[in-house]
Amino acid sequence: MTKKTANVRLETGVRNLDALFTDGLPKGSATIIAGPPGSGKTILTQQICFQNASPKNRVVYFSTLSEPTAKTLRYLKRFTFFDAKKLDESIKFVDLGVLLRTKGLSDLFKLIMETVKQVKPTIVVIDSFKAFDDLAKSAEELRKFGYELAVNLMAWETTTFLLGEYGEQDLRSNPLFSIVDGLMIVSQREESGEHQRFIQVVKMRGVDHSREEHAFVITSNGIEVFAPRLTLQRENQGPTTKRCKTGISKLDDLLGEGIPYGSSLLIGGVAGTGKTIFLLEFLYRGAQAGEKGIIFTFEETEERLRAAADGLGWDFDKEIARGMIEVVFIPQPNIMVEVHLLMMKDRVEAAKAVRVAVDSVSVFLHKIKDPQIAREKTFQLASIVQNNQAVGLFATDIPYGTNQISRFGVEETVVDGVILLSSTQEIMERQRYLEVYKLRNTAHLKGRHSLAIGKGGITIFPRYNLEELREPPSLEPTSRLASGIPGFDDICDGGLAERSVTLVSGSAGIGKSTFGLQFIAEGLKHKQPGLYVSLEEGSAQIVKTATGLGLPLKEAIHKGTCEVIYLSREQVRASQFLAILADKIKAKKIRRLVLDGVSHVLGDERSEDLRQLLFALVARFKILGVTSMITLEANSMYATGTITDHGFSRIADNIVMLRYMRSLAEDIPSLAVVKTRGGAHDRGTHFFSIGKGGIRVGERVDGVLAPTNKKRRPDKRAN
Amino acid sequence: MVRAAKDLPPERLIQAFEQGFGALWRRAHQTLGDVTLTAIADRVIFNAAERYPVLAALRSEMTALQWQELRDSVGSTQRDDVAAGIRFVLVEFLTVLGNLTANILSPSLHTELANLVFDNGSPDAKNRPPQRSNAVRKSENAKS
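Chains as they are written, first to last, in this note's numbering: chain D, 1 to 719; chain F, 1 to 144.
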């Protein structure tokens, strides 16, 4: 007895084909599959048959003159969907060839229906139905035959496929096309330089179906349809609160809370700006943090990427071996966008990748001429990332000499963020920079930040960080630190205000470094860790000088309470200072810092850049609770009307000018405090000398010593 | 209907089902037309005859099922087979129609069947045309 039909859709078993009909092919429908020879009609139908055939759901496959059954079967053996065990019991092949040659349509109708009655199939195929066209004596007869056959097969609730080499003319005039419920057209042609197959559902009664052409391929697995517009739709994931920390040095400082999972970012830059390295490190750091990653690469092979990673000192091979990183190389000439979009979706899902890198999206989409399609494909790529709640980085090659931030100029509109990598020629070398151009729903640090690639990978030197976004604390005038320079505190309101910045300006060799060394050494006496940053002399020389002066820096270095570092201009750019110094200050809990020789190392920067950098440095030191001293070299040996040669006086809380005084016999070093913020100071110029222990401030130049007794406040020092 | 036909002899049984099936046919015909209905009936009879060979005598034609041959061939000993077979035809017909029309026609077909008034077996009943159900009669009266 016939059972009530519960499921009204038939799963075709052809990948993504069901999506074209929203949810499978309507059961009991009669569908024409039209297309020229070799377009894939028979394989498509056979795949559907073998998918559905079982002893309970039998298939009858009527073959006409177009292709002998034996030949069809032999050809089908190469497909994985072919199952010889299903032949006869579940799939019955009936060759109508002889009858076609000898009988008329009414006899064929009877034979077909007799077979249907005997087998009671759920699927009936006639391949090719067009053979009946030649047999019909008139259009009327063909129409009647087609109609009655369709109705009778419908009455048996069979899902029917009528295959044929029908063309455009048939669509307009063949009566069969108005009788059937569905019409699918398969075709093939050259597109974007590729030979491609397409399938289009022109008609399917009672179903909300796609009307577009969709690419498909035939592989040993049969047919795979690519309909990313339907199958790569963005799923509603709801707001995400989880954030991804990239693990790339300092990048996370720029990215605030991190990149929200589900986001995709473009990594834009011209060739050679480090995009590939950026992607590799993103994956490598992720793997180390337990996040699986996958990279789709179109230019660099896996071997070359591994070699690049190895060159940076990363054990990339180990991460690949333990399944934390997967490299998928698709040679550029083989790219088929729709095909590979689907493949990417599969691979990301299969790998359970949390980090997805595409190198590059501009190469992936290079065959696409229409920017709107490039935009759509980028969106689909981003949808893969979002649906998997991963983080995607898509490299994009920006054309030289343009203001674009992506290859096609449209991709940035569909991604969640854009990071730009750039490089500029500076003096004798090219410097790299990184800028977070856009990052949705994340407070990020704007501006261009210096970037270096070397052993260990990428290092970013943020120009400033979130700490600088708050106002530096004001100075507390009553909380003062001893300078360690005999006589100096007497003329400087009892010492240097805590967290103040002192600019020491002086001509070469006058004692600026000594001034700084004493300041550090004094801090050590009070258990205040110190950092001496030399931008001119090597650290060994600095320590030797300190030892020569009798200042115990060497011992303190040994104990770990003091550090002397040398930052050469060749190794470190001015724009990198902030990040380096902030790290040191935090790590060592530094309370006193000397930055010796700033003008020397920054000499090649424009004044405005230098000013901005010093502003940032000052703000950073204050926020971190550091009392600092910056030495600047003055071009003039002798006292002039200019305090510093760069006009930086307003950034400092205290300004000390070391200059020579001319006398008949010799040039005598002198010192003047020209500014103290939040305190009073002796405005006179004082002689000073340098000997064991360092600088010692002497008499006022006018011969009158400063009224030290009135201003000294030793009980308020914050030592 | 099945209850009503419970104790009828084979000829009267066939007549009762002919009456019922005729009502269904007429109702379905309005919507589906000759070709479709004949194709469905063909399937139903084929399946029925496989199980109940006595029903092989039933014929489907463009206008209705032809029962005469069945009537002629049925003897009193086959009564149970006939009853089960005809019942099968009725249920199968309703099921297939339900499947093919997504049950859109089913309520009206069931109503048609439920409202059917059978002849009580008077000697001239078999020569009368099948009776209209109350519902159909009311519907026809309203139209006129």
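Source of the hints: derived by calculation from the structure; they are not laboratory data. Don't be surprised by glycine CBs; every beta carbon is placed ideally from N, CA and C. The reader is advised that the hints may include incorrect statements.
Chain D is faced by these chain F residues, among others (derived, beta-carbon under 7 Å) [unchecked claim]:
{"hint": "1", "residue": "39"}
{"hint": "2", "residue": "40"}
{"hint": "3", "residue": "46"}
{"hint": "4", "residue": "92"}
{"hint": "5", "residue": "94"}
{"hint": "6", "residue": "95"}
{"hint": "7", "residue": "96"}
The following label-pair restraints were derived from C-beta to C-beta distances [unchecked claim]:
{"hint": "8", "chain 1": "D", "residue 1": "57", "chain 2": "F", "residue 2": "30", "range": "31 to 37 Å"}
{"hint": "9", "chain 1": "D", "residue 1": "370", "chain 2": "F", "residue 2": "110", "range": "55 to 61 Å"}
{"hint": "10", "chain 1": "D", "residue 1": "9", "chain 2": "F", "residue 2": "110", "range": "24 to 30 Å"}
Residues of chain D placed beyond 10 Å of chain F at every Cβ, according to the derived structure [claimed, not checked]:
{"hint": "11", "residue": "85"}
{"hint": "12", "residue": "117"}
{"hint": "13", "residue": "140"}
{"hint": "14", "residue": "152"}
{"hint": "15", "residue": "507"}
These are the hints, each one checked on the structure:
1. 39: The hint holds - residue 39 (chain F) has a Cβ within 7 Å of chain D, the shortest such distance being about 4 Å.
2. 40: Hint on residue 40 (chain F): holds, closest Cβ of chain D at ~5 Å, below 7 Å.
3. 46: With a minimum Cβ separation of about 5 Å from chain D (threshold 7 Å), the hint on residue 46 (chain F) holds.
4. 92: 6 Å, holds
5. 94: Nearest chain D Cβ about 10 Å off; hint violated.
6. 95: At about 5 Å, which falls below the 7 Å cut-off, the nearest Cβ of chain D leaves the hint on residue 95 (chain F) intact, so it holds.
7. 96: 6 Å, holds
8. D:57 with F:30: 31 to 37 Å: 33 Å, holds
9. D:370 with F:110: 55 to 61 Å: Given a distance of about 57 Å, which is inside 55 to 61 Å, the answer is holds.
10. D:9 with F:110: 24 to 30 Å: At roughly 26 Å between Cβ atoms, residue 110 (chain F) and residue 9 (chain D) fall inside 24 to 30 Å, so the hint holds.
11. 85: The claim stands: residue 85 (chain D) keeps its Cβ more than 10 Å from every Cβ of chain F (closest is about 27 Å).
12. 117: 5 Å, violated
13. 140: Holds, because the least Cβ-Cβ distance between residue 140 (chain D) and chain F comes to about 15 Å, which exceeds 10 Å.
14. 152: 4 Å, violated
15. 507: Non-interface label on residue 507 (chain D) holds, nearest chain F Cβ at 99 Å vs cutoff 10 Å.
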